[in-house]
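These protein sequence lines map, in sequence, to chains A and B. Under our numbering, think of the first position of the first sequence as 5, with each following residue one higher. Under our numbering, think of the first position of the second sequence as 96, with each following residue one higher.
Be aware that one or more of the hints could be misleading.
So the derived list for chain B, only partly shown, Cβ under 10 Å to chain A, looks like this [unchecked claim]:
id	residue
1	Leu222
2	Pro224
3	Ile233
Derived from the structure by calculation, the hints contain no laboratory data. Every residue, glycine too, gets a C-beta built ideally from N, C-alpha and C.
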Amino acid sequence: MIGAAIYAILSKDILYAVIATGVISLILSGLFYLLQAPDVALTEAAIGVALTTIIFIITIRNTVRFEDEHDKKEHIKTIEK
Amino acid sequence: MKKVIVLLLLAAFGYYLAATFFYIDFGISHFTNGVRDYYLAHTVNGLSVANTVTSIVVSFRGFDTLGEVTVLFLAASALGSILYKRRHKYEERVVLFPSSRIVQAGSKLLFPAIILLGVYVFIHGHLSPGGGFQGGTIIATGFLLMLLAYQDYHVSHNILSIVESMAGILFVTFGLLGFIGGGTFLENFLPVGELGDLFSGGVVPIIYILVGFKVGAELTGVIYTVLNEKDI
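Next comes chain B alone, as it looks inside the complex (with noise of 0.2 Å):
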C-alpha cells in the first residue's frame, strides 16, 4: 500500500515536472511576458543598474533576498546549536596528516588573492555578474583554504557573529530608511547615479555589500564549526 502511494506521487510528480519542461524549449530566454519589460525598463532608466539580475534580486524583490539571508542564519546557527561544545575549550583540530610546508606557504599566498576577489565581487555586484551571495561564499572559500592549511588557525566566534549580526541589521534599516517620503521597503532613497560607475544605483550596492559580510561571516563560522566537530 504505501509504495503503492509513493509510486503515484512519483509519477504525478514526474509528469507535472516532464509537462513544464515539454512547453518550455531548451534554452529559450523569453518565455514569459508581464514583469520582464517593467523591470528591463526601470533598471536602466529609473535605478540605472548595469546588471539586472542584481536590480531584480536586490531592489524588486529585496524582501525575498531578506527571506533567503534569514533561511542562511537559521541555517547556520542550527548547525551550531547541534554541533555544540563547550565553546570556550578549543583544542587543535584532529587531522589526519598536518599540511607540508609548500601547502601552508602556498595557501598564505592565496588567502589574500581570494579574499579580494570575493569583496570585489560583491563591491561590484551591481556591474559585473556575482553579488553579494557570491562573495560571501568565495570569502568563506579563502578562510577554509586557511583553516585547512594551518592546524592552530582560528577564527573568533564573536567577531563572526558581530559582523554578521551588524550586517543584518544595516539591511533591515536600510529597508526601513526606504519609508522616508512615503516609499516601501527597499525603496531606493539615494541618487542613483550614472549607469556603469561603481557609484551608482542608490542604496542596491550598500545592500548587497552588506549581504556579502553576513553571508561571509555565516559561512566561515559553518566551516569552523563543522571543521572544529570530532568524534568521540
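Same shape as in the complex, but just chain A (with noise of 0.2 Å):
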C-alpha cells in the first residue's frame, strides 16, 4: 500500500498513478474488512475503487496524460521500440 501510495507520488504518468491510487484503496477496504469495519469497507470499495478511479481515468482522457511534453516523447520513444 505504501508503494503504491509512492509511485503515484512519483510516477510522470498520471495514469499509472490513477491506477496506483485505485490499489491503494482497494487494499485499504480490505484493511477496513480486517478491522471489523465492514460498511466502511463497502464504501471504499464502491467509491475509491470504481467511482473516483473512473472518473479521472474519464477526465485523463479528455485533458492530458502527461505532466508536461518531455515525458510524452519518452512514452511515444518507449512504444515505438
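Make one complex out of these two single chains by using the hints.
This is the structure:
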C-alpha cells in the first residue's frame, strides 16, 4: 500500500498514478474489512476503487495524460521500441 | 519565508497526526467512553436495528447524514454548472474505440444484476453492512457500465433530477414528521418491529432507501455529465 502511494506520487504518467491510487483504495478496503468495519469497507470499495478511478480516467482522456511534453516524448519512444 | 511557513505548518500537522496515532493502538476497538454505551444499548432495545452503524448514521446522527447528502448534491450541481453546455443538443459521445459485441452483450447481462445488488444493499441497510450511500454508488456503477458499453445509451436528466429532488424532499419530510408527539428531528415515530426482520427499525430503512435513490441519481448524473464532456 505504501509502495503504491509512493509510486502514485513519483509516477510521471498520470494514468498509472490514478491506477495506483485505485490499488491503494482496494488494499484499504481490505484493511477496513479486517478491522471489522464492513460498512466502511463497502463504501471504500464502491467509491474509491470503482467510481473515483473511473472519473479520473475519463478526465485524463479529456485532458492530458502527461505532466509535460518531455514525458510524452519518452512514452512514445518506449511504445515504438 | 513562504517555505519556512509551509514547513512549520506541515511540521505542526505531522506532530498532531503522529501524536493521535501514537496514543491509539492499531486496530483497537474500544478507546472512547461515553455515547458508545448509549448507542449500543438503544440500537437493539429502543430501535431494534441489527446494524449499529446504520442506526448511528441514520437515527442518532441523522442530521449529519442530511448534511452529507446536501454536500453531495452541491458537488454534483457545481460539476453540472461548470460543465454546462446546451442541454438540448446531445450528440454521440466521443469514444476512443467502440465496444465489441461481447462487451455489449456482457454489460446487458450484468446490468440488472448490479442494479439488484445495489437495491439489495440499501434495502437491507439496517440488517447487513452497507446502506444508502453504498447502494447508490453500486447503482451508479451499473449505469456507468451501460454508458461505457453503448455509445448511444442515454439517461434522462429530467428523470434523474425528479428522483433526486423527490428523495431529498421526502427525507426532510420524514425528518420533520419526527416532531409529531414532541420528538426531535428524525425521531422514530413508526413501530419498530422485531429485531432482524426486513420491516423493522421504524423510520431507519425508509430514510436509507431515500438516501440510496438520491445518491444513485446524483452519481449517475455526475458520470453522465463527465462522459458527455468533450474537448473542443
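These are the hints, each one checked on the structure:
1. Leu222: Because about 12 Å separates B:Leu222 from the closest Cβ in chain A, which is outside the 10 Å limit, the hint is violated.
2. Pro224: holds (4 Å)
3. Ile233: holds (6 Å)
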